[in-house]
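Participant: Mind the numbering: the sequence shown is residues 1120 to 1585 in my numbering, read in order.
Derived by calculation from the structure, the hints in this document are not laboratory data.
Some hints here could point you the wrong way.
What the hints assert, rightly or not - The calculated lysine-lysine pairs, modelled on BS3-like cross-linking and capped at a C-alpha distance of 25 Å, are:
hint	residue 1	residue 2
1	K1365	K1481
2	K1231	K1577
3	K1255	K1577
4	K1231	K1446
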Amino acid sequence: MTTLIKGGTVVGPTGATRADVLIDGETVTALFAPGQAPDGPEIIDATGKYVIPGAVDAHTHMELPFGGTHASDTFDTGTRAAAIGGTTTIIDFAVQRYGEVVQDGLAAWHGKAEGNCHIDYAFHMILGGVGDESLKAMDQLVASEGISSFKLFMAYPGVFYSDDGQILRAMQKARDNGAMIMMHAENGPAIDVLVKQALERGETDPIHHGLTRPQELEAEATSRAIWLASVAADCPLYIVHLSASKALEQVAHARDRGRNVFAETCPQYLYLTLEDQLGAPGFEGAKWVCSTPLRSRHETHRADLWQGLRTNDLSVVSTDHCPFCFKDQKELGRGDFSRIPNGIGGVEHRVDLLYQGVVDGKLSLARWVETIATTPARMFGLYPRKGVIQPGSDADIVLYDPNGRTRISVETHHMNMDHSAWEGWEIDGRVDTVIARGEVIASGGEYTGRAGRGRYLKRGLSDYLI
């Protein structure tokens, strides 16, 4: 079956142009100047719409065990919500816990996802324990499983934490096999001291989650990760969910020196604040407990992060989608902020929230598409299959209506959460139609996709390595 997307403005990383897009089956086959396409295909009218590649969310946590509970979105509910919001590929994190075999952790995540995903998906691998066997497994996963990125934690001692020696060994292995090391960069042992001291003072409210994770401890860990990667012969390093100005300074300095250092941020750090959200009255702030935490509105973090996106010191916007319901999950931390499960749900809203940055003059159209689609696909070995509209690429395409309007609410979102971190927000734009591998799965507010149509993607190495 052939389909022609006609009358729209195609937006890619190099800019916007009027063009019609021909799809044959699951693949883009040609782009035509307006009016030059052959007759015959079924027509999708894109008049007045932007035609963009389906978004790639490179950081999600479906069903992640954390804090005595599990993230509330399954691969079914989470990928359905992602699809409705214009994301047609996710890269989730399979988990190796302490004492587990890496391949067993990966098999468990395949079991969660297989047959349940509405969109295509891939995996990173969290290494919960770095030793001889897990280092051997890194080679096997890169060579055979299509997993070319491994996440380590400088935070959460006793759960996911790796010390500097373990981090260095994993980085050396990644330098050998071409993989990317992804780093949760916060000084966990120091944070634990501050948390203990706060609780001893009776400071138990959610805002203290942010106050005990100061930006200096994010910046210190970011700098330390960058220097460890340097010792490992400039191992490729990707800092996840960067939230703070001082941490961004470390990344920018490394990139100015030509290092293989990259970073992402998330919508919550571009818009939300410690005072307005974490500091909400009573226990309400628990809804916005995440790590790294929201930062103070009295400092320059948000402006600096937007600037980092424009200068490419921040390469990607992901969600770190890790939702927990308020009732019975976030409430586990009443009276002790350290027991609040860490995570915010947002996989459905990233495309819209970043488009608001275009409306507000903070990003160009081309940079919008780069940060939500093209760069994550290139960063993590999915390009040019994903992240671009060109002949030979998968026909993952979103028609975006700049004249539409989106109001975000728990009453209308599709994530498996009993609240919204973005309740009442209104966006000057709207996802109109979502096409995944040539199939219209959402249009005009109606969802027509299905669980099980998403395929596992084996990834190659990053396009950005030197």
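Participant: Next step is simple, just say for each hint if it's right about the structure.
Facilitator: Status of the hints after comparison with the structure:
no., hint, verdict
1, K1365 <-> K1481, "holds, 20 Å"
2, K1231 <-> K1577, "holds, 17 Å"
3, K1255 <-> K1577, "holds, 19 Å"
4, K1231 <-> K1446, "holds, 24 Å"
The structure shown violates none of the earlier numbered hints.
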